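Using the hints, position chain F against chain R.
From first to last, the protein sequence lines stand for chains R and F. Going by the numbering used here, 429 is the number at position 216 of the first sequence; the sequence numbering is gapless. Going by the numbering used here, 314 is the number at position 101 of the second sequence; the sequence numbering is gapless.
It is worth saying that the hints were derived from the structure and are not from the lab. Fair warning: this is a prediction, and the values are worked out from it, not measured in the lab. It is possible that part of the hints are untrue.
Because identical chains cannot be distinguished in the list, a pair is counted as satisfied if it fits within a single copy or across any two copies.
Below, in silico cross-link-like pairs of lysine-lysine (DSSO-like), each with a Cα-Cα straight-line distance of 27 Å or less [to be verified]:
#, residue 1, residue 2
1, LYS665, LYS626
2, LYS484, LYS217
3, LYS229, LYS363
4, LYS323, LYS358
5, LYS624, LYS225
6, LYS626, LYS589
7, LYS624, LYS217
8, LYS668, LYS484
9, LYS371, LYS638
10, LYS319, LYS363
11, LYS319, LYS358
12, LYS323, LYS229
13, LYS665, LYS371
14, LYS314, LYS661
So you can see what is in the structure, the chains are spelled out below.
Protein chains: 2
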Amino acid sequence: MFNKNTYIERRKQLAKDVKDGLILILGNTDSAFNYTANIYTFRQDSSFRYFFEYNLADLSGVIDANTGEDYLFGDDVEIDDIIWTGEVASIRERADVIGVKHSGSKQDLKNLLEAAILQGRHIHFLPPYRAENRNTLSSLLHIKKDHIEKFASLELRKAIVKQRSIKSLEEIVEIEKAVDTAYEMHTTMMRMARNLGTYEYQIAGTMEGIALSGGGPVSFPIILTTHGEILHGHDHSLQLREGRMLVSDAGCETPSGYCSDITRTVPCGGKFNQRQKDVYEAVLNANLAAQEAIRPGVEYKQIHLLAVKTLGEGLKSIGLMKGDIDAAVSEGAMGVFMPHGLGHMLGMDVHDMENFDESIVGYDEKTSRSTQFGLKSLRLGRTLEDGMVITNEPGCYFIPALIDKFKSENKFKDFVNYDLLETYKDFGGIRIEDDILVTDKSNRVLGKPIPKTVKEIEEIMS
Amino acid sequence: MFNKNTYIERRKQLAKDVKDGLILILGNTDSAFNYTANIYTFRQDSSFRYFFEYNLADLSGVIDANTGEDYLFGDDVEIDDIIWTGEVASIRERADVIGVKHSGSKQDLKNLLEAAILQGRHIHFLPPYRAENRNTLSSLLHIKKDHIEKFASLELRKAIVKQRSIKSLEEIVEIEKAVDTAYEMHTTMMRMARNLGTYEYQIAGTMEGIALSGGGPVSFPIILTTHGEILHGHDHSLQLREGRMLVSDAGCETPSGYCSDITRTVPCGGKFNQRQKDVYEAVLNANLAAQEAIRPGVEYKQIHLLAVKTLGEGLKSIGLMKGDIDAAVSEGAMGVFMPHGLGHMLGMDVHDMENFDESIVGYDEKTSRSTQFGLKSLRLGRTLEDGMVITNEPGCYFIPALIDKFKSENKFKDFVNYDLLETYKDFGGIRIEDDILVTDKSNRVLGKPIPKTVKEIEEIMS
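If we strip away everything but chain R, and leave its shape as in the complex, we get:
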């Protein structure tokens, strides 16, 4: 955990920004795995940790926006249970550690909220993403569970986005630790991917073990696949075969709750063939062009467009694209090869604050999501600021169903060489992703550099 004052300042700022009403931040409860007592490893809500730190189930925090008073609620372990749990700090002791003035039981929370409801005070809460918290909000606030979202507070979300979007130095140190663990995960993947015949799950499992050995879980279910063109896939059942690229998209969380999110793509066996090398370098150039251009004051949407343009130029030199690449970009033809966005914010959530509502996280009053294929998948479009941490993850995919669809619709025929593209349907996909801090004038790629060029990858795999 950070210094007590960090949490005090964050809560004070939040009260100031929200101005009026009670702010309720529910912590998470345990999630059952295959029966009530067998649970998934606990994951606290990120906003709860941001303001109230504890990575423990069944806690809630309240901040009175009018007075600035704060509260930590949860039930103490009963004396009889100490036989089984060992000595456990009380809620009062925990509240002291993070500088919270009031503390109480779950019943005290209920009473506080009931009184506030009777006084007609506004109660601000975040939209839930777990059924347990939806049910809890419904019962605490007397709102039907299917109507909870309607009443979730936009002011609260905006005030939290304002704080969590800009990372402090101590937060950046934590994210960098997470990237350093990802370095171990991905370099291990590279060494294991030398051996044709290895199963994807053997590599993915070993990588997850490295994340866990670093003290945190993976920040999302690892994507580790020789079919990188299947973008929504978590299958790990295949063996590494000659001629396939292995896409490895994986990161971890630190014990303090900060994420990394890194992608590397390597040739199964360790040597790129010419076709793989050509496409790889087109993607790498897109990644490097974006990296060069990221700085405060620039809209991330423009960085996305620069990256796909660079990719397009690379694909044109291979012969997969043709014509005016600027026109291809503006007409959306790059979506044939890269149908996803260039990146997203990263922090305590791997897609930071994704549950809040993208119009206030990745976009703002001045920017909004495009409806164009490809660009409409961009999670982050707004102007970059000093202290933001973002991902830079261009990719190139040969998706048979998508190729067939566009070809049959005669789409983008001025830009796409469908004849050559047909012969790439067995290629798979490539993605290269780093985590980047926007600095006062430019940016910095976070963490220990992970092999990224063809030469570096072939070296570590040799």
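What follows is chain F alone, placed relative to chain R:
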């Protein structure tokens, strides 16, 4: 998956045993981790897999107990989504693979149940352990969500217990695979525990990585602690220190959904001191005595009593206990040292069918849970049968809060040498656990033998 006929036969038997009404077996949905789209690795409900196999979210199965007709429900992937998911089998195709006659969408399930409700048919379902399925049952069956348990079917649970309690040869092969992966997990732990200063989470993470590399998750959150006397603890934050025992209680699941559950306890650094060796051998003798006695026709409660008696005799020879050990056992004094039960059933759940209601899983018409401290924690008391798989996990713990409590109450003073016991408050705990198949005349310890004697452990750690 097993042969199609396995699933057909299981469903047929279930219909026959339940006799009347519709049997609804809900599969699990995804569980959100830190926002809606970021999920925990999916874990299917074990009973769903037993009858309908698929380890995929958002499926449900129905069996008509009157006619034997069966149904698989779920929504097909839309054509547009295939761009992202790749080719995916349809519900109809999936139903064919496991020999299910009817298939349909989630809406079809709703319609089928509405019609059955209107006809006044009884709908059998299992008690939910996840909030999502509680909400789904509530909405499908028009039962208030807090009243669901009251209406969960006892007949259905009894009929499933009848089948799942007795493992087939093909199921035993799977459990044995899970134990063999646990062999790798625990021998790796032993080699890592040589090095004092190692953090518990480094070992636990590596072990979980081995489970995952074997293709399945851990069967429960790993217990890996130098404070084995804290029975309800999942903390992994400590370093291995000279003089502490490391308790490692961990197992995995196979891709087919079968569990292992193994405990080994080793001295940090690799060498037992005399005090550790003496207590260890008392626990080992309890484990071996139980192992010797397990056979069909014996109540598992009697095996538990034999194990704790053997432990008591060992502790008497150390001087920690005194007097008549038979009397100590019958008066419950062994609970001071081993306040938990000797074991439980194991299968597709690590505590097999724990969510059903213990009175029909671990006990039956003839046996019920004791209320005596220690024995009341025994999950399995009933008569053993050929084909059951159970755990054998005696332990001995020195729990300061428990020692203080009993001492201050003057309890068991004829049996416990509290003066010597005071000096063991820094000892920690020891547990030794194997997975055992009850055979037609005796039993078989499953899997590759994992070092268990003092000599074997010191050898692998040297």
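Query raised in the report: Okay, which hints does this one fail, numbers in order?
Result: 1, 2, 5, 7, 9, 13, 14
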